[in-house]
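Participant: Dock chain B against chain A, hints included.
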Amino acid sequence: MFTLALRSIRQRPGRFLATLLSAFLGAAIIMTFNSMHDTAAGSGVDSVSSNTLTTAASVVGGYGSLLVFFAVASTLTVNVRQRAAELELLRCSGATPAQLKRMVVGEALAVALVGAALAIGPAMLGGRALLDLFQDSGQVAESVDYSFGPIALLTGVDITLVAAVGAAFLAVRRATRGQRRRARARTFLAYATLATGTLAVCSTFLMKATDEALMAPPAYGAILLSVGFALLAPRLLKGLLDRLALSGASGWLAVRNLRERAGELAGILMSLILFTAVATTTLTVQAVESDEVAASGLVKSVDAKNLETLNFTVVGIIVVFVCVMLVNSLYAATTYRSREFGQQRLAGATPGQVLGMVGAEGLVLTVAGVFFGTVAALAGIVPFTVVRSDAVLPGQAVGIWLAVVSVAAAVTVGTGLATARKVLRTPATEAVTLAA
Amino acid sequence: MFRTGSRRRHDTGPAAEALRLVKVTKTYGSDDSAVTALDGVTLGLARGTFTAVMGPSGSGKSTLLQCAAGLDRPDHGIVVVDGTELTGGTEAELTKFRRGRVGFVFQQYNLLDTLTVAQNTVLPLRLAGRRVDRGRAREILTQVGLGDRLGHRPDQLSGGQRQRVAIARALVCEPRVIFADEPTGALDTRSARTVLRLLQEAVRVHGRTVVMVTHDPVAASYADSVLFLADGRLAGRLHAPTADAVAERLAHLGDDVTAGV
Numbered sequence: 007m008f009t010l011a012l013r014s015i016r017q018r019p020g021r022f023l024a025t026l027l028s029a030f031l032g033a034a035i036i037m038t039f040n041s042m043h044d045t046a047a048g049s050g051v052d053s054v055s056s057n058t059l060t061t062a063a064s065v066v067g068g069y070g071s072l073l074v075f076f077a078v079a080s081t082l083t084v085n086v087r088q089r090a091a092e093l094e095l096l097r098c099s100g101a102t103p104a105q106l107k108r109m110v111v112g113e114a115l116a117v118a119l120v121g122a123a124l125a126i127g128p129a130m131l132g133g134r135a136l137l138d139l140f141q142d143s144g145q146v147a148e149s150v151d152y153s154f155g156p157i158a159l160l161t162g163v164d165i166t167l168v169a170a171v172g173a174a175f176l177a178v179r180r181a182t183r184g185q186r187r188r189a190r191a192r193t194f195l196a197y198a199t200l201a202t203g204t205l206a207v208c209s210t211f212l213m214k215a216t217d218e219a220l221m222a223p224p225a226y227g228a229i230l231l232s233v234g235f236a237l238l239a240p241r242l243l244k245g246l247l248d249r250l251a252l253s254g255a256s257g258w259l260a261v262r263n264l265r266e267r268a269g270e271l272a273g274i275l276m277s278l279i280l281f282t283a284v285a286t287t288t289l290t291v292q293a294v295e296s297d298e299v300a301a302s303g304l305v306k307s308v309d310a311k312n313l314e315t316l317n318f319t320v321v322g323i324i325v326v327f328v329c330v331m332l333v334n335s336l337y338a339a340t341t342y343r344s345r346e347f348g349q350q351r352l353a354g355a356t357p358g359q360v361l362g363m364v365g366a367e368g369l370v371l372t373v374a375g376v377f378f379g380t381v382a383a384l385a386g387i388v389p390f391t392v393v394r395s396d397a398v399l400p401g402q403a404v405g406i407w408l409a410v411v412s413v414a415a416a417v418t419v420g421t422g423l424a425t426a427r428k429v430l431r432t433p434a435t436e437a438v439t440l441a442a
Numbered sequence: 002m003f004r005t006g007s008r009r010r011h012d013t014g015p016a017a018e019a020l021r022l023v024k025v026t027k028t029y030g031s032d033d034s035a036v037t038a039l040d041g042v043t044l045g046l047a048r049g050t051f052t053a054v055m056g057p058s059g060s061g062k063s064t065l066l067q068c069a070a071g072l073d074r075p076d077h078g079i080v081v082v083d084g085t086e087l088t089g090g091t092e093a094e095l096t097k098f099r100r101g102r103v104g105f106v107f108q109q110y111n112l113l114d115t116l117t118v119a120q121n122t123v124l125p126l127r128l129a130g131r132r133v134d135r136g137r138a139r140e141i142l143t144q145v146g147l148g149d150r151l152g153h154r155p156d157q158l159s160g161g162q163r164q165r166v167a168i169a170r171a172l173v174c175e176p177r178v179i180f181a182d183e184p185t186g187a188l189d190t191r192s193a194r195t196v197l198r199l200l201q202e203a204v205r206v207h208g209r210t211v212v213m214v215t216h217d218p219v220a221a222s223y224a225d226s227v228l229f230l231a232d233g234r235l236a237g238r239l240h241a242p243t244a245d246a247v248a249e250r251l252a253h254l255g256d257d258v259t260a261g262v
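If you read the sequences in order, they're chains A and B.
Take the first sequence: its letters are residues 7 to 442, numbered as in the working numbering.
Take the second sequence: its letters are residues 2 to 262, numbered as in the working numbering.
Mixed in with the good hints, there may be bad ones.
To be verified - Using 25 Å as the maximum straight-line C-alpha spacing, the simulated SDA-like pairs for lysine to any residue come out as follows: (1) B:K24 to A:T435; (2) B:K97 to A:P357; (3) A:K244 to B:L151; (4) A:K107 to A:S71; (5) A:K244 to B:K24; (6) B:K97 to A:T435; (7) B:K97 to A:W258; (8) A:K428 to B:G90; (9) B:K97 to A:L430; (10) B:K97 to A:L423; (11) A:K428 to B:T91; (12) A:K244 to B:G90; (13) B:K97 to A:E436.
To be verified - Ranges between beta-carbon positions, derived for each pair: (14) A:P103 to B:R137: 47 to 55 Å; (15) B:D114 to A:A135: 45 to 53 Å; (16) A:V299 to B:D114: 54 to 62 Å.
Keep in mind that the hints were calculated from the coordinates and are not lab data.
Each residue gets a CB set at the ideal place from its N, CA and C atoms; glycine is no exception.
Same shape as in the complex, but just chain A (with noise of 0.2 Å):
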């Protein structure tokens, strides 16, 4: 089954692109931070030079191995779904799940390899790039050196691994077996998650404003809050699509193909709302602390400047993370529905009529994961700027949840009509008759 795997690779290497991509990512960023232990573990490092970079590498490391879990996740999950006929195909000819599943596995942890080994070198690079920003900010001392070494080799190659055979695992045994079973399991989490989420949200009015850790409760329990309404995404969104009418054919459309394909865009929704909620709760909380600190008139101390370097390191981690998968997913789904395009061109859909459907639909999706993200969002930041600074909605919040909703808007309408449009330039004809 390895050969089958090896060889429907190397047949349709553009299939596996967008998982070799978020593998590949994945082990950069991993590799990158945990570069830091490395060099911190490296001979003559003071103290504060080492506990600056242990902590960046430990933070971003988490988060990291978290984030390329869910994005080999989220593109193997497509992947196999989209294969749905070709493994069909082969459990006719005489494959047992067991072999389809060693092929699926065998299929991920190749590209998983491939990914990582391509990683290493641009790892190198960004240690090195972060070793010189801390530097330059006096966080490190100038004289530590830079070293690649086994705890970067080892973890970025060991977590890209293991998340692409988990996910390939995950995602094969739910196309082979369906999945209502785990339902109940996925509610109980959800709740569990909001429940931990209020508590450590709640958590911050306990604290003084000069707390050090004050701004972890807030920038957790909107994580978790986030989370919690990223597993209930496919009945909050089904729940918004039965209070909601769209005027015109399209409209009408969208609406009902949103419904009937509420779980297979949960994966799209969970993006949106981590994605706005984790984006503005960190960039928000970071500029209040930093204005209460110019106010105050005290220099920032070392800890303080290597809490915002993290900040703004995990937003952009997390922004390039969200986008490529949600460019990745929508790109897939949408490609995906060429057959269907077509039926409905051949129904006498207009192009334009086909592609107004998909912007309302991605148009949808941003709106509901918007407002579940900016409800986490703001679950974190108003109980955070209430001890911190008195007020209770900072000024800073509008732009910054404003500049992160184009974001979301943008790649998400974007991609989907972008890709659309492509899809629109085969026939209706061929379309309908080309095997799905």
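Facilitator: Chain B only, in chain A's frame:
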């Protein structure tokens, strides 16, 4: 874009000739690998007739249907549907031309899986921005024997039932011409018979004009007349066909063409 009557409302009286093709030519590919799918086909079909188009694979049946239905543009020649000439234009213009003039029934049904039977039936009306008459849709679905399946999804229906939904969808727009591309190609004989009777009814009861591409002599025998096509040219016409006569004619179609060269 359309030379006559582009502003004409759909409900004005139909033209006496539902479909007219004049010297229609269509070539695929270019230079050395060019294949002439249609080679100067001229024909006219009167309103309220049921015509089958037959011919061996590669004879240009499907191309003829696509050009006549405004799904594809011929390289040369004139296509007139219901008295209005189809001229160039973008896909959007072709789509608008087809609305209300042309209905389709395909071998693969082409129903949307996300919509119910009733929603699929009225989809062309919605897309055309016309008033959606649910009562009328239900009436037509009852006529095709699916009055109790309005809320079902296509994947809950058998092939024959899906094809009947497709026929109801074609009828609900009250098009001048219904084009059917191998409508019974994927059906068992009983379902096929029901579908063919419904197409006959569309002509006799609803006064539509039906053009059906098929390779099955039995299906063709339900039509008023059969047009034979070979190598992109018309190769004869048979009125009041029987399945045997059609099969006989089809078997010797090759002879006629060689004789003609």
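Participant: Each hint needs a verdict: does it hold in this structure or not?
Facilitator: Going down the list of hints, with the structure as the test:
no.	hint	result
1	B:K24 to A:T435	holds, 23 Å
2	B:K97 to A:P357	holds, 11 Å
3	A:K244 to B:L151	holds, 22 Å
4	A:K107 to A:S71	holds, 23 Å
5	A:K244 to B:K24	violated, 54 Å
6	B:K97 to A:T435	holds, 16 Å
7	B:K97 to A:W258	holds, 19 Å
8	A:K428 to B:G90	holds, 20 Å
9	B:K97 to A:L430	holds, 17 Å
10	B:K97 to A:L423	holds, 22 Å
11	A:K428 to B:T91	holds, 16 Å
12	A:K244 to B:G90	violated, 40 Å
13	B:K97 to A:E436	holds, 19 Å
14	A:P103 to B:R137: 47 to 55 Å	holds, 49 Å
15	B:D114 to A:A135: 45 to 53 Å	holds, 50 Å
16	A:V299 to B:D114: 54 to 62 Å	holds, 57 Å
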